[in-house]
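Undergrad: From first to last, the protein sequence lines stand for chains A and B.
The first sequence begins at 1 in the numbering used here and counts up by one.
The second sequence begins at 1 in the numbering used here and counts up by one.
It should be emphasised that the hints constitute simulated quantities derived from the structure, not laboratory data.
Possibly wrong hints are sitting among the right ones.
Below, simulated DMTMM-like cross-link-like pairs (lysine to aspartate or glutamate); rule was C-alpha separation at most 25 angstroms, straight line [stated by the list, open to error]:
1) Lys102(A) - Glu69(B)
2) Lys40(A) - Asp128(B)
3) Lys114(A) - Glu6(B)
4) Lys40(B) - Asp108(A)
5) Lys40(A) - Glu134(B)
6) Lys114(A) - Asp306(A)
7) Lys102(A) - Glu59(B)
The primary structure of each chain is shown beneath.
Protein chains: 2
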Amino acid sequence: MATIYEVASMAGVSPSTVSRVLNGQNVSAEKAKRVREAAKALSFTPSRIARTLRLQTSEVIALVIPDIENPFFTAMARGVEDVAQAAGYSVVLCNSDEDHAKEARYLDIAIEAKMAGVILAAAGDNCDLSGLIERNRPVVAVDRSPHGFDIDAVMVDNRAGGRTATAALQSQGFSRIACITGPRDVETAVHRADGWRDAARTTGRVDERYLKYADFRVDGGNKAMRELLDMPEPPDAVFVANNLMGVGALQVLAQSGQLPPALGVAVFGDLPFAPIAPMAITVIPLPARRLGVTAANLLLDRINGDDQPPRTIVLRNQAA
Amino acid sequence: MATIYEVASMAGVSPSTVSRVLNGQNVSAEKAKRVREAAKALSFTPSRIARTLRLQTSEVIALVIPDIENPFFTAMARGVEDVAQAAGYSVVLCNSDEDHAKEARYLDIAIEAKMAGVILAAAGDNCDLSGLIERNRPVVAVDRSPHGFDIDAVMVDNRAGGRTATAALQSQGFSRIACITGPRDVETAVHRADGWRDAARTTGRVDERYLKYADFRVDGGNKAMRELLDMPEPPDAVFVANNLMGVGALQVLAQSGQLPPALGVAVFGDLPFAPIAPMAITVIPLPARRLGVTAANLLLDRINGDDQPPRTIVLRNQAA
DNA sequence: TTGACGAGTGAAATCGATTTCTGCCAGGGT
DNA sequence: ACCCTGGCAGAAATCGATTTCACTCGTCAA
Chain A
1 MATIYEVASM
11 AGVSPSTVSR
21 VLNGQNVSAE
31 KAKRVREAAK
41 ALSFTPSRIA
51 RTLRLQTSEV
61 IALVIPDIEN
71 PFFTAMARGV
81 EDVAQAAGYS
91 VVLCNSDEDH
101 AKEARYLDIA
111 IEAKMAGVIL
121 AAAGDNCDLS
131 GLIERNRPVV
141 AVDRSPHGFD
151 IDAVMVDNRA
161 GGRTATAALQ
171 SQGFSRIACI
181 TGPRDVETAV
191 HRADGWRDAA
201 RTTGRVDERY
211 LKYADFRVDG
221 GNKAMRELLD
231 MPEPPDAVFV
241 ANNLMGVGAL
251 QVLAQSGQLP
261 PALGVAVFGD
271 LPFAPIAPMA
281 ITVIPLPARR
291 LGVTAANLLL
301 DRINGDDQPP
311 RTIVLRNQAA
Chain B
1 MATIYEVASM
11 AGVSPSTVSR
21 VLNGQNVSAE
31 KAKRVREAAK
41 ALSFTPSRIA
51 RTLRLQTSEV
61 IALVIPDIEN
71 PFFTAMARGV
81 EDVAQAAGYS
91 VVLCNSDEDH
101 AKEARYLDIA
111 IEAKMAGVIL
121 AAAGDNCDLS
131 GLIERNRPVV
141 AVDRSPHGFD
151 IDAVMVDNRA
161 GGRTATAALQ
171 SQGFSRIACI
181 TGPRDVETAV
191 HRADGWRDAA
201 RTTGRVDERY
211 LKYADFRVDG
221 GNKAMRELLD
231 MPEPPDAVFV
241 ANNLMGVGAL
251 QVLAQSGQLP
261 PALGVAVFGD
271 LPFAPIAPMA
281 ITVIPLPARR
291 LGVTAANLLL
301 DRINGDDQPP
311 RTIVLRNQAA
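Produce the complete structure using the sequences and hints provided.
TA: Take a look at the structure:
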């Protein structure tokens, strides 16, 4: 790996001049040409490490997501990636695995690898962003927004979505509608359940026994659905608050022969890789990719010095 | 961010001594204690950047995959991640998007970010690993092995899998069995098709018109399946060489009302998130996670100085 | 003609950790 | 009493880029 010193000596100039050529500062045409030739001859690439050490920042942004096996988050990642790449930034993807400790570790890494910024889909509401904020590193929350920090966020309208989904089941004639949502300490989960409650209230009282907190994964949905079916008076429909739990719930229903429309099902978020046309399932589609794109643009603005007060952008669900 | 100099001055010792304490070298107990206290008081974390610049290596490994939206690769990523984390390495996930240029870019980044090693599921057979190899950075190929470089590889037996899948369709009584495989320049795709040919040959001649090269994605499988159905004499069964194309093909079959067992389907690789029990579909399961675990272990061996000649490990498919 | 200004350039400092290189001191052998 | 060895610790060099500082020339205006 050639260094800037070798280029300098080959071109017969000082390292400073080489650096200036590389960064487009004032250098005489003659020397600039010699430097460029030398750089090409030695196939020189400046060391990012050295550059980062000197500049205390690097053209890398971290994207921290809670579940890399969830297509919702990978679609989001694609959105982030496309925008970042186009702006000359690399994205490193960090999988926190819904684990607060892992997440904290990754945030630390982002800090001290001097990354330019972080896009975070938090594992829970109580995550500590103080390190990043103290050091003035921009953070954008996406899908879930941590408590106690006033930062940019890109969200979907979870409550409205929950309401819409539940209302759809009601209009299909179901009345005992259960809800399977995510962990209590994830805002997104709570809001979706709130939407369910809103809708349920319009037709009568809300039966909280029909509300199950699970873990946003296939197994969680599976288990919760089984518990619901085992109740003395099982629900006649269910609103599932994310895609993977939807898969889990449908597995159970398929096994017990109660697939929709026998039992009503509404899912918040697109069912991943559904080969079969979603038979009688209500799906609230989520703009996953657009969430990523928007977050990335917001972050890039901040990186480029935008310092207006934090914004929260709520993307409309496409469904009515 | 506290530096080693601040810690040194707080503890009343030299920076060298601080470094020695941190790296477990001989330091008197008294000073070691003072250093540790100072480090804690300042909540000091050594700068990886500076460390990497000095040591010319970092505890990060790159995992380059061709499609982050394919659950096969994300499952593999989980395997890599778990092993790497346990060994104190961070994993950065790079999505090459089946694009040779992007892939090359990421390999460059890996080189000059001084990453400890690379695990690569290549976008095609002709990728240039010379940079990494010249610089003595270990590389492990996984799922697909690039031509012309003698490196460690972890593979599945693609040809045998293709044979098994096709044979299963034959034993179900199908005779005009088509094959949808991946791009021509991906070894994995070619081998799976070879397996199909092997099996087809046993019962007669191989009709190459029934072989479609697609792109390992949902849309590719979708399009290929449609073309097959539009043939004057359409196949009565199809072997699809990866999970996502399987989804695409099944979408088409669902639309045209020819779901299995009307038309035989065998898929190489687990169907992602199949909520419904795989009705009459033959699936060749793939040990995705184990592939990642094995590759990571191989890479860690190399990083730790293992220099025996390159190995190729072929994992058996679980199916008979 | 002189002073000011600006463009161009190299020397040297800087980022923060690691690693020689050296020197000091104590203990053991002759 | 003297030399040698070995443990400990600080000063300084190192990794490779960027940037400040200082200096040299011209050029232009007064």
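Undergrad: Any of the earlier hints contradicted here, and which numbers?
TA: When the structure is compared with the hints, none of them turns out to be violated.
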